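Trainee: Chains as they are written, first to last, in numbering that gives the first Met the number 0: chain A, 0 to 151; chain B, 0 to 115.
Quick list of simulated restraints, FRET-style, between CB atoms: (1) A:48 with B:26: 41 to 49 Å; (2) B:111 with A:130: 20 to 28 Å; (3) B:56 with A:46: 40 to 48 Å; (4) A:143 with B:17: 18 to 26 Å; (5) A:86 with B:21: 42 to 50 Å; (6) A:44 with B:112: 20 to 28 Å.
Over the 10 Å line for every Cβ pair with chain B, so calculated as not near, a few chain A residues: (7) 24; (8) 44; (9) 45; (10) 49; (11) 64; (12) 77; (13) 79; (14) 90; (15) 92; (16) 102; (17) 122.
What the hints contain is simulated information worked out from the structure, not anything from laboratory work. None of the values given here were measured: they were computed from a predicted structure. For each residue, glycine too, the CB sits at the ideal point set by N, CA and C.
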Amino acid sequence: MTTMTEQTTQVYSVFIRATPEQVWDAITKPEFTTRYFYGSAVDSTFEPGAPFLSWSGDRQEKLVDGEVLDADPPRLLRHTWRALYDPETAAEPHSRVTWEIEPQDGGVTKLTVVHDGLERAPKTALSVAGGWMYVLSGLKTLLETGEPLASG
Amino acid sequence: MTVWSHILSTVDDDDPVFKALADPTRRLLLDRLFERDGRTLTELESEFDMSRFGVMKHLRVLAEAGLVVTRRSGREKLHFLNPVPIRLIHDRWIDKYTERRVSALAELKTQLEESA
Numbered sequence: 000m001t002t003m004t005e006q007t008t009q010v011y012s013v014f015i016r017a018t019p020e021q022v023w024d025a026i027t028k029p030e031f032t033t034r035y036f037y038g039s040a041v042d043s044t045f046e047p048g049a050p051f052l053s054w055s056g057d058r059q060e061k062l063v064d065g066e067v068l069d070a071d072p073p074r075l076l077r078h079t080w081r082a083l084y085d086p087e088t089a090a091e092p093h094s095r096v097t098w099e100i101e102p103q104d105g106g107v108t109k110l111t112v113v114h115d116g117l118e119r120a121p122k123t124a125l126s127v128a129g130g131w132m133y134v135l136s137g138l139k140t141l142l143e144t145g146e147p148l149a150s151g
Numbered sequence: 000m001t002v003w004s005h006i007l008s009t010v011d012d013d014d015p016v017f018k019a020l021a022d023p024t025r026r027l028l029l030d031r032l033f034e035r036d037g038r039t040l041t042e043l044e045s046e047f048d049m050s051r052f053g054v055m056k057h058l059r060v061l062a063e064a065g066l067v068v069t070r071r072s073g074r075e076k077l078h079f080l081n082p083v084p085i086r087l088i089h090d091r092w093i094d095k096y097t098e099r100r101v102s103a104l105a106e107l108k109t110q111l112e113e114s115a
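Okay, chain A solo, but in the shape it has when bound (with noise of 0.2 Å):
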């Protein structure tokens, strides 16, 4: 057996059967994020210097804080993070995320997320770290599909 230690660079990445358009709504609409994203509503207008917040479904708990940082629809967007919904990691320094959307042959996109800038936030290194692939495989299963994974 092996300890995970925390990564302070993590990289996930999907295809997807779906256009870029199609992956950037489905990270920027909370209608969407709520049936993947552990049920949460994604809150910002993604222009760079704007909040970007997520909400619990209820809309009464703030779960995730940061800024944007840079928004090129619907190819990239990058945006600060930190980790509300736990005292540990809200009381760690903003991280970075990056969406990297990249159409390919076939009608197929490929997303690919960077969390990084994690050196200071190794609570939230663990945290996010099972989080992610769990999110992705959730957005690839809802776009091929129209399904979130948990009503199968």
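Assemble the complex: chain A is given as a structure, and chain B must be docked to it using the hints.
Mentor: Chain B in isolation, oriented as in the chain A frame:
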């Protein structure tokens, strides 16, 4: 997309992953990246009793299956373990036999909140 074409395309997705995992050296490479991610070929090669070309060949198979993703950092090419394809196999083959712990709870939470 028809149901049948979706099934076929899903099979196509999983095939290279199972092939990539069907080799002890490649599984060991993934274990090494799990321990410490974002490594160069030279770093990985030093831990294997194998030629640079051999390690490179195995890394290429893993990359083609999407299990390893490479990123440039300055002049270095770093290799990252990408667990998403394994998660997709998990969701397809294992999750349907289990209680779908995390996803079911998330779904339940959403439903309760919507009906509240």
